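Taken in sequence, the protein lines are chains S and Z.
Just so we're aligned: 121 in the working numbering is position 127 of the first sequence, and the numbers increase by one with no gaps anywhere.
Just so we're aligned: 253 in the working numbering is position 259 of the second sequence, and the numbers increase by one with no gaps anywhere.
Hints may contain errors.
DMTMM-like mimics (lysine to aspartate or glutamate), calculated; alpha carbons at most 25 Å apart, straight line [stated by the list, open to error]:
| no. | chain 1 | residue 1 | chain 2 | residue 2 |
| --- | --- | --- | --- | --- |
| 1 | Z | K108 | S | E261 |
| 2 | Z | K108 | S | E220 |
| 3 | Z | K247 | Z | E261 |
| 4 | Z | K41 | S | E132 |
| 5 | S | K108 | Z | E261 |
| 6 | S | K82 | Z | D171 |
| 7 | Z | K229 | S | E132 |
| 8 | S | K229 | Z | E220 |
| 9 | S | K108 | S | E132 |
| 10 | S | K233 | Z | E220 |
Chain Z regions said to be covered by chain S (calculated; three or more residues, Cβ under 8 Å) [claimed, not checked]:
| no. | stretch |
| --- | --- |
| 11 | 23 to 33 |
| 12 | 64 to 73 |
| 13 | 101 to 110 |
| 14 | 176 to 185 |
| 15 | 226 to 238 |
These are computed hints drawn from the structure, not numbers from a lab.
Please read all numbers here as calculations on a predicted model, not as lab measurements.
Virtual Cβ for every residue (Gly too), placed ideally from N, Cα, C.
As a plain string of letters, each chain reads:
2 protein chains.
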Amino acid sequence: MDGFQRGYIVPIGGAEEKLKNPLILQKFANLCGGKDARLAIIPTASKLKGAGQHYIDIYRDIGVDQSVILPIEERADSEREDYLRELKQASGIFITGGNQVRLSTIMGGTAVAKLIRRRNAEGVHFAGTSAGAAFIPEHMIAGGRNTPTPREGGVILAPGLGLTNRIVVDQHFRQRDRLGRLLSAVAYNPFTIGIGIDENTATFIDPDGVLEVVGSGAITVVDPRELSHSSMGSKPTGKPINLINLRLHLLTKGAKYDTYTRQVFLE
Amino acid sequence: MDGFQRGYIVPIGGAEEKLKNPLILQKFANLCGGKDARLAIIPTASKLKGAGQHYIDIYRDIGVDQSVILPIEERADSEREDYLRELKQASGIFITGGNQVRLSTIMGGTAVAKLIRRRNAEGVHFAGTSAGAAFIPEHMIAGGRNTPTPREGGVILAPGLGLTNRIVVDQHFRQRDRLGRLLSAVAYNPFTIGIGIDENTATFIDPDGVLEVVGSGAITVVDPRELSHSSMGSKPTGKPINLINLRLHLLTKGAKYDTYTRQVFLE
């Protein structure tokens, strides 16, 4: 970690394999230093007791025994000095699933959120699964309708953690039929790239903005750079909209995508 | 304009006085050079023919006779070289009212949007009224319910132009009873300051992030920095939510507010 190259950003589509062959979590642990990794696990998205401990146990099975839980439950917890100290020592930060609006309401604008952004910029790696993945970008999908058809009002956007502004992330993608809401998100303002991530699938985004697909499913990339028309601004709420000239990629493990040049590289 | 100090950002709450005593538009014109001002007027939010010409006429009455209209109607127009040339020559950029989702869908991610951001960073002043004001921030209020009570699902956010990330703007504020949707926007992620602007009222945000109120109404500032609890992440969509420890200011003409230190200064 040289302090100049930013850390990886790893959105995971949820329901990642945890026991038999935890490929995604193993790869993230290796990135963070393998046996020497020190992971800070943030279970704030979940209301289930034990969500943090569950990942402590999984990472221990993988060989990482220095993980800690930061049990942030209220906004005041996001200012705690002891949690900030842990984040300063961590080689990786992991946010569990649950509800991404809990993450934005409890951590947004706090010292913890600022420190996570700074640590990632300094080279510390970040992974989030499900809600933890949705929370990553500046523009976060907070909710919406699960349908294949994009509509005005088909997606609820909210400000996220802000590790990147280049993508917007949706998860449990194929499993919950979310193409419509990802397209709605992209259609509002076509500056951002939509990334839909299937369950047990992740994208490892390297410091240069090139992502690689890992896991058993696919990712869906919606690139609106050449979009010539969107009727999002002229249809009543809830009505299907026109979107002309989107570029779409479906990518499986090993495939890479450069979020700057917008090129695909196959193995 | 020294190329190092950014330009003013001027969100106007809509329905600004245009004939008898057009205080807000006059002040903006003076800022841009008075008689020597060269304004680029973008009527894209409106579907009414003549929306651009209307402002050309008003600004001519004020004494600015070098304004031009950029009639951007489709995404391809946002890449036109002649429009980019006009933006490079303008001393001020003005976006009219209408529907802000037309602005984000037609201009988002295009050469025009990038150039407006760059020109404002270089010192060119920017004003937008109504939809043109909503479009200013990174996180734009695209729609929502007009009620005083904040709710999950009470606001529709979308990525905006991105001239600033420090505020989110709502307009026609008192006239359309929009406190609820501004509070909903702030409650999602309390890093941003909510600014509700009444009709015939504007905030002139100077290069240091200090805003001054101009016009006949008030602005409503919602500062969530001390927010200790938000139930946005735990209530079903549409239900009213709890928000504890928001700071609220109502400010009228002459009052100033520093968006960095969050202090109010009265005349």
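Right, here's what the structure says about each hint:
For the hint pairing K108 of chain Z with E261 of chain S, the CA-to-CA distance comes to about 34 Å; that exceeds 25 Å, so the pair is violated. For the hint pairing K108 of chain Z with E220 of chain S, the CA-to-CA distance comes to about 15 Å; that is within 25 Å, so the pair holds. A C-alpha spacing of about 9 Å is found between K247 of chain Z and E261 of chain Z, which places the hinted pair at or below 25 Å, so the restraint holds. Distance check on the hinted pair: K41 of chain Z and E132 of chain S sit about 30 Å apart at the alpha-carbon level, beyond 25 Å; violated.
The hinted pair formed by K108 of chain S and E261 of chain Z fails the criterion: a straight-line CA distance of about 34 Å is larger than 25 Å. Taken as a hint, the K82 of chain S and D171 of chain Z pair is broken in the structure, with Cα atoms around 44 Å apart against an allowance of 25 Å. A distance of roughly 23 Å separates the Cα atoms of K229 of chain Z and E132 of chain S; the hinted pair therefore holds under the 25 Å criterion. With a C-alpha separation of about 39 Å, the suggested pairing of K229 of chain S with E220 of chain Z is violated against the 25 Å cut-off.
As the CA atoms of K108 of chain S and E132 of chain S are separated by approximately 13 Å, the hinted pair is consistent with the 25 Å bound. Between K233 of chain S and E220 of chain Z the alpha-carbon distance is near 39 Å, which puts this suggested pair outside the 25 Å criterion. Given as covered by chain S, the stretch 23 to 33 of chain Z fails the check, having 0 residues with a CB less than 8 Å from a CB of that chain where 3 are the minimum. Under a criterion of three residues with beta carbons nearer than 8 Å to beta carbons of chain S, the stated coverage of the stretch 64 to 73 of chain Z is upheld, 3 such residues being counted.
Note: the stretch 101 to 110 of chain Z has 3 residues with beta-carbon separation from chain S under 8 Å; the three-residue rule is met and the coverage holds. Under a criterion of three residues with beta carbons nearer than 8 Å to beta carbons of chain S, the stated coverage of the stretch 176 to 185 of chain Z is upheld, 5 such residues being counted. Coverage of the stretch 226 to 238 of chain Z by chain S holds in this model, with 4 residues showing a Cβ closer than 8 Å to a Cβ of that chain against a need of three.
When held up to the earlier numbered hints, the structure conflicts with 1, 4, 5, 6, 8, 10, 11 and fits the remainder.
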